[in-house]
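Protein chains: 2
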Amino acid sequence: MAGMNAKAPSPETLRRLKEAAGPKGWSEDASEIAPHLVEWREKYRGTTPLLLKPCSTQDVAAIVKICAETRTPLVPQGGNTGLVGGQIPNGEVLLSLKRLNHVRAIDRDNNTLTVESGCILADVQKTAGEADRLFPLSLSAEGSATIGGTISTNAGGTNVLRYGNARDLVLGLEVVLADGRVWDGLRGLRKDNTGYDLKQLFIGAEGTLGVITAAVLKLFPRPRTRETAVVAVPDPEAAVALLHRMQSASGGAVTGFELMPQLGLAFVLRHIAGARAPFAADHPWVVLIELTSSARTSALRSALEETLTLESDKGLVRDAVIARNEREADDFWRLRDSMSEAQKPEGGSIKHDVSVPLSRITAFLKEASEAVVAAEPGVRVVAFGHLGDGNIHFNLSQPVGAEKAAFLARWQTLSDIVHAIVAAHGGSISAEHGLGVMKRDEITRYKSAVEIDLMRQIKRTLDPLNIMNPGKVVLP
Amino acid sequence: MAGMNAKAPSPETLRRLKEAAGPKGWSEDASEIAPHLVEWREKYRGTTPLLLKPCSTQDVAAIVKICAETRTPLVPQGGNTGLVGGQIPNGEVLLSLKRLNHVRAIDRDNNTLTVESGCILADVQKTAGEADRLFPLSLSAEGSATIGGTISTNAGGTNVLRYGNARDLVLGLEVVLADGRVWDGLRGLRKDNTGYDLKQLFIGAEGTLGVITAAVLKLFPRPRTRETAVVAVPDPEAAVALLHRMQSASGGAVTGFELMPQLGLAFVLRHIAGARAPFAADHPWVVLIELTSSARTSALRSALEETLTLESDKGLVRDAVIARNEREADDFWRLRDSMSEAQKPEGGSIKHDVSVPLSRITAFLKEASEAVVAAEPGVRVVAFGHLGDGNIHFNLSQPVGAEKAAFLARWQTLSDIVHAIVAAHGGSISAEHGLGVMKRDEITRYKSAVEIDLMRQIKRTLDPLNIMNPGKVVLP
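For the record, the sequence lines run as chains C and G.
Residue numbers 65 to 540, in the numbering used here, belong to the letters of the first sequence in order.
Residue numbers 65 to 540, in the numbering used here, belong to the letters of the second sequence in order.
Isolated chain C, as found in the complex:
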């Protein structure tokens, strides 16, 4: 799907690459390579002549140096959980970072953790937890996503509202550049104004400018209090207003603020075992609110109860249930987390990962919903997600009784309609997932020629031979 395949490397180049990766550092075994070549939604399938799996930065550097000398393109890969095809090779050498997975240092006083890029995100969270600290980045693929991939794609997830995206959680990086040199930028400083902030170039670049091999991550105090509620609201506008009230009343303790539409909840209740309806009646929109604090405190519960009561009286809140224990809180989250899965039994689903300014959420949802229904009568809009960040997963389930393949064939048409409305509201057509190959060409319609040209200049400067994940993000 990603265009032309790379030219096959010569046997001599392959031999040198294997030597650089060490005896256990490579594979040509098709069954070992296979899972690296398909993206989990099976939207992208690739090929590679060689899987490299070095276990040290020095070995990565040696590999990239050979690639530069021989003009051999390579594709870096972490846990292979990306959704836009960025990690799938099309004939290039595949560089898996999964064996580069040591914890290099933990510094509790400095609230930092230095890890190699192949560490699994869930393990990073666990390591932080064992030191009585929090690494807040959390997303559904955290059991297999690597920290390197997470940083390379500037991943988001459910805690962005409070703690930011991956970019905000990185203090320092170690990167193997496109010529094989190693940039050691592993600093653990909160303030450092000594020139251009080079790490920003590699965060979110999807491996197109260099290979991230290690990172210094920010840690936070571990939460000791969690309050979770589901709240029925009349419309998204009320949800946005409620978010601001809740932020003020809780002193900025809102960690999650997730929007769920009635139809999405109905799908979850219909298809997900054990899911229970939070309310006796149906409501057009439900928000899941989570407040957390590192203090053991009753203040969050008070803020939550008082705000919900107050806003009930004003009509902003129609009904609300506060979790009485951890199990109930987890049940509420399961409603939200199952929303994508619950769409599957309903047939084909066309997905959009978009963001708009919070002030435009209401208008965007109204206009986009009307436009897709006009273009595809009977289409069922399931718009949910990280409302607190302005990030909506604007998913479309096929009309009841429609043919799945025919509906999915309408992907580009419907997507064009949605993305045009996103753009008109100053939004982004890829809030979390990146460009990869999926949106590489489409983005040129929404960014100015000046911006695309700046991106190309950066690409050509840092990867002049176009060997770093070529064909992804931007063409040189």
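Everything labelled a hint here was simulated from the structure, so no lab data went into it.
No residue lacks a Cβ here, since even glycine has one placed at the ideal position from N, Cα and C.
As a list, the in silico DSSO-like pairs of lysine-lysine whose alpha-carbon atoms are at most 30 Å apart: (1) G:K511 <-> C:K129; (2) C:K511 <-> G:K129; (3) G:K468 <-> G:K107; (4) C:K468 <-> C:K408; (5) C:K468 <-> C:K107; (6) C:K468 <-> C:K415.
Cβ-Cβ distance ranges computed for the label pairs, FRET-style: (7) G:E194 <-> C:R286: 33 to 41 Å; (8) C:A484 <-> G:P528: 33 to 41 Å; (9) C:E370 <-> G:E369: 20 to 28 Å.
Once you have looked at the hints, place chain G on chain C.
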């Protein structure tokens, strides 16, 4: 002080530049120009053939386009409050952004404020406040610093611990590039993964890669509760431990955590009118703690009192006073804010704006203090600052009775000693103030050749003619 002067532009170039800036958009009046040519500590003095003061992005773009065509270097300037000579021209055309000072938009629902770069920082804070929001960046020069200069230097200040540096407070930028094209990156999104994050290049670049003309800033709920205390601790290690306890106990509400040494306090009490000693006895170190919340809450006071009592029992806290009202809180802050000024009557002062990981603060302070006293017997160390960020203003007052000029002549020698110890602890020789011309060459001793080369590549790519604030930050 910054090396060679730029070649004078031709009369025709000057005529074209004046025309582009419009009738009120330029000056050759020496008395009007004079205050733009000297940095406020009088460490840097410059010259310019022409002061340009355009009032629109289009005019800035027209000016830069002429500069590019004629290879005329220019120096952008905001409020002229920089401390490292970055804003002072050495014969270049001077581009003041102060008339580019409109508020373009405020979006309360999105918590964003769009301003032009000449807006004064204090006015930006005020505009946010009038909308019942907080723009948290605060520093002593805020009455004259512009937001453009603040962003161009990635300024820090007293609220970084809670809200981050300028970089963390910018969602979008508008920039005039070195060839005169305008990049409109004025997005107000919390999540946008559509390619390289170009704004990061211009933030903190001190005007060497382009001219920032406008920005979308993040706003926050306005604080409604403030608790302020001064706390005597036995040593900096106790201060770091106390910071972590206070963060946990308050749920991350610590907004300020400032370290003050006994000698610095003594200077303040001796020289600053109205300053009052917080404690009856002398203590080696005092920290100023500020907790804030957008909620009206007694929880902060409880967390503060309980933590101080608990840590008193454990010996981490020797004495503590909590402000009973706003006036007392302001008095505490005045002690901290006067510390630099109070050094002046004590003679010459050699200043360092450094940061180290929080875990290294104690070792750094001990080693650096011993080393400077060994090199300059009688030198008086006044190390104070933003402990919460690992950012210490490691200032040295001359020995009692020494000759000021002779002491200041030792600046480079003492500075080399301090910076080497900073580097050994993985720190930064410019935490807040940037490189400008002051530290442009020195930084090459502390950064790897790879990093300097990357910076040069970026400079050459975005400013191939070397006309944007040449000679600052990095040589191409």
